[in-house]
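Enquirer: Going down the list, the protein sequences come from chains X, Z and S.
Residues in the first sequence are numbered from 1 upward in steps of one, following the working numbering.
Residues in the second sequence are numbered from 1001 upward in steps of one, following the working numbering.
Residues in the third sequence are numbered from 2001 upward in steps of one, following the working numbering.
No lab work stands behind these hints, which were simulated from the structure alone.
Using N, Cα and C, we set each Cβ at its ideal position, and we do this for glycine too.
Errors might be hidden in some of the hints.
Distance ranges between label pairs, derived from CB positions [unchecked claim]:
id: 1; chain 1: Z; residue 1: Ala1254; chain 2: X; residue 2: Ala4; range: 41 to 49 Å
id: 2; chain 1: X; residue 1: Phe100; chain 2: Z; residue 2: Leu1209; range: 49 to 57 Å
id: 3; chain 1: Z; residue 1: Val1133; chain 2: S; residue 2: Ser2100; range: 22 to 30 Å
id: 4; chain 1: X; residue 1: Leu172; chain 2: S; residue 2: Asn2055; range: 31 to 39 Å
id: 5; chain 1: Z; residue 1: Thr1004; chain 2: X; residue 2: Glu200; range: 24 to 32 Å
id: 6; chain 1: Z; residue 1: Leu1016; chain 2: X; residue 2: Gly178; range: 33 to 41 Å
id: 7; chain 1: X; residue 1: Leu233; chain 2: Z; residue 2: Pro1205; range: 34 to 42 Å
id: 8; chain 1: Z; residue 1: Leu1293; chain 2: S; residue 2: Ile2068; range: 47 to 55 Å
id: 9; chain 1: X; residue 1: Ile97; chain 2: S; residue 2: Asn2055; range: 16 to 24 Å
id: 10; chain 1: X; residue 1: Ile14; chain 2: S; residue 2: Asn2055; range: 23 to 31 Å
id: 11; chain 1: Z; residue 1: Leu1295; chain 2: X; residue 2: Ser198; range: 22 to 30 Å
id: 12; chain 1: Z; residue 1: Arg1147; chain 2: X; residue 2: Leu223; range: 25 to 33 Å
id: 13; chain 1: S; residue 1: Val2095; chain 2: Z; residue 2: Leu1295; range: 51 to 59 Å
id: 14; chain 1: X; residue 1: Ile97; chain 2: S; residue 2: Ile2068; range: 45 to 53 Å
Each chain, written out:
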Amino acid sequence: MSFAEVAEWFAFAILAVISVAGALGMATTMSMFRSGIFLMASFIGVAGLFVLLSADLLGLLQVMMYIGGMLVMILFMVLFSHDPGGSMMAEMDMSLIERFFSLGLSSPPDEGMEHGDGMDMGGSGGHEGMEHEGMEHGDGMDMGGSGGHEGMDMGGMDMSMTTPVKRWAAALSLVLGGGLVALLLLRPAWPTTDATPSPESARMIGELLMSKYMMAFESAGLLILIGIFGAVLVARPGAYPDRDARDAYVTADLPPAPIEEGRPPSADAPVPPEALEEVTVNEAHRDKAGGPPSLNGPAGHAASQSAEGDN
Amino acid sequence: MELTLRALGVLAALGLAALLTHFFEPAALSDAQERGPAAPAGPRAPAELASNPDRWMHPAGPVMALLGVLFALVVIPFGPDLVPSDLGIGVFYFIVVVDFVVLGLSLGGWGANTRNSVDVYYRATAQLVAYVVPLGLAYIGAIMMARSLSTVSIVEAQAGMWFIVLQPVGFALYLVTGLMQAYRPPFVEPFAAFIDHGVYGASFPWQALLWRLALSSLMFLIAAMGAVLYLGGWRGPLLPGPVWMLLKTFALMAVMVWGGSRAPLLTTGRMLELSWKVLTPVGLVNVLLVGALILLGVGPS
Amino acid sequence: MAVPLTAYLIVGALLFGIGVYAVIAQRSAVMILMGIEVLLNAIGLNLIAFWRFVNPEDYSAQIFTILIVTIGAVEMGIGLGIMMLLYRNRGTVQVDQYDSLKG
């Protein structure tokens, strides 16, 4: 083999390992932040493979889209997660691969969870202190138990990242991946050509986008515009700060008050006391009936004035 | 062999650029209230350093940022033949690779695991969302006129007239978004004093050194790219090309830093507002203007 | 081209398997979105590999991949918006706790 061929194999091996190991790390690490970073690594590895396949414009496009996109996505994960740094789950028993991809996580604070009561995590750090309402249930957490994170249920605030069907999922994906690879190996030859793409691929793609695929290009632009509208519309602050407040208003049949300005939306802020009494009665009823009607209410019409007031 | 020489040349250029910027910038920043990444941050007591870091991501942050600026330097031309690698899609490559600095800030800020440093990650990401669209629009004007993404061709296209004359709006847009991209005043939110100068406050000394290197050369790179896009790059009478390039770069840096330090500081929310309500529409108008100029036959043919 | 087409396709297949695992086994809605991104990425890799080895003169495959990346971005934006709404309503993004239709 010539030097160029060895170099190509070498680059391919590195990039393939980065992309596969990155995806694997994304699926198995305990830290949500890390899993986003792993996914970004996987994307960058695939972008490198694109460059190796002489689609360099596409590779750069991929890197640009996903660095920014993944950073924002991790931000959302951190907002929504109760243990984004994974330091609490890093204490549990993990399978080998999970342990490998969780190496070197920042350790939990000293008054951590093994000591049962207290659960006072809000002390020092950045990640650990993220969101600790709803965790103040002390003793009944048996961490070292046999189920690992599969059976771990912290009183409704389940912090584990994987579902109970994890083993089945692993088996299924192994079968799927193995089957695909086997199919590929059993059917080795596609009719390939030795032709090489022209070095001016950026210009060719631009011309193609503006002639043959103009319709697709323009509709992709329209799709993005509609996507922006949709995301803003869906995510805009609702008339009610959260579920409890909405239930309180619905129960007491009161007109919704807009969220007060300069005040973080919280459950206790705008609910009048009489409504709260009602809601305790209703809480019991609701539990019997199996949960509240949830999806269709709150992002409704009354939101506009508060949304504008926020700016 | 030649590849090694080029790599060494890029490394040397990076060191030189960072050094020059490091000593030049404080002079232009004389009376700013917030100095951003150029702020002097002395040695700290060990207790203030990151006490409980993520052992892989905390060191990875500055390395990633430095790799980003190192790769970005590859396409900056200092002369017709003095460019480490003239990629066909050089400008696009530059935009992409500079994003690694944001990635490094996020990794380092989150990995240090102190309250202030995690803030760096949030603010840097929000700032990325703020600048990325207007920045692209600021590049597009020059790309449209030069009809090429290669940095060398963009400089060649300005043989007759610099693009700053033809596109003053695009140039102004580049100044503002460049400051935003470099975290210089007035956009110093991720490095503000009240969060302990961002990543500086939670770095070990070697990391602080790498951060300074990366952020100083980031400012240099952005000024250099501005010189390439709008000031005609290495072109000029009498003096040789690299000298002109350095002169233009530091003149542009002086204008940016001096002007920026006199503007009122902006919070991240204000930055986003400025970006989406002012800079993006201005950028779109600039694209329209440049298109009209090209249709009228102005500019390089 | 020293590296054969099959090698690239195997990488794509492995990515696809991992993506399926992430979508099924992960519990947080954001992680499921990320699994979907891995799936889309595997598809893009296959498209580009076939383009390079079978028909490199026709750039349509790259256009399709650009469109896939675009749609992935839009999907991510809308998905995150829906997730914010769900989080505001239910206080969680763990998908197996969205069980209000279970009776």
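Enquirer: If a hint holds in the structure, say so; if it doesn't, say that too.
Expert: Verification of the hints:
no., hint, in the structure
1, Ala1254(Z) to Ala4(X): 41 to 49 Å, "holds (46 Å)"
2, Phe100(X) to Leu1209(Z): 49 to 57 Å, "violated (31 Å)"
3, Val1133(Z) to Ser2100(S): 22 to 30 Å, "violated (39 Å)"
4, Leu172(X) to Asn2055(S): 31 to 39 Å, "holds (33 Å)"
5, Thr1004(Z) to Glu200(X): 24 to 32 Å, "holds (29 Å)"
6, Leu1016(Z) to Gly178(X): 33 to 41 Å, "violated (53 Å)"
7, Leu233(X) to Pro1205(Z): 34 to 42 Å, "violated (49 Å)"
8, Leu1293(Z) to Ile2068(S): 47 to 55 Å, "violated (35 Å)"
9, Ile97(X) to Asn2055(S): 16 to 24 Å, "violated (38 Å)"
10, Ile14(X) to Asn2055(S): 23 to 31 Å, "holds (27 Å)"
11, Leu1295(Z) to Ser198(X): 22 to 30 Å, "holds (28 Å)"
12, Arg1147(Z) to Leu223(X): 25 to 33 Å, "holds (28 Å)"
13, Val2095(S) to Leu1295(Z): 51 to 59 Å, "holds (53 Å)"
14, Ile97(X) to Ile2068(S): 45 to 53 Å, "violated (29 Å)"
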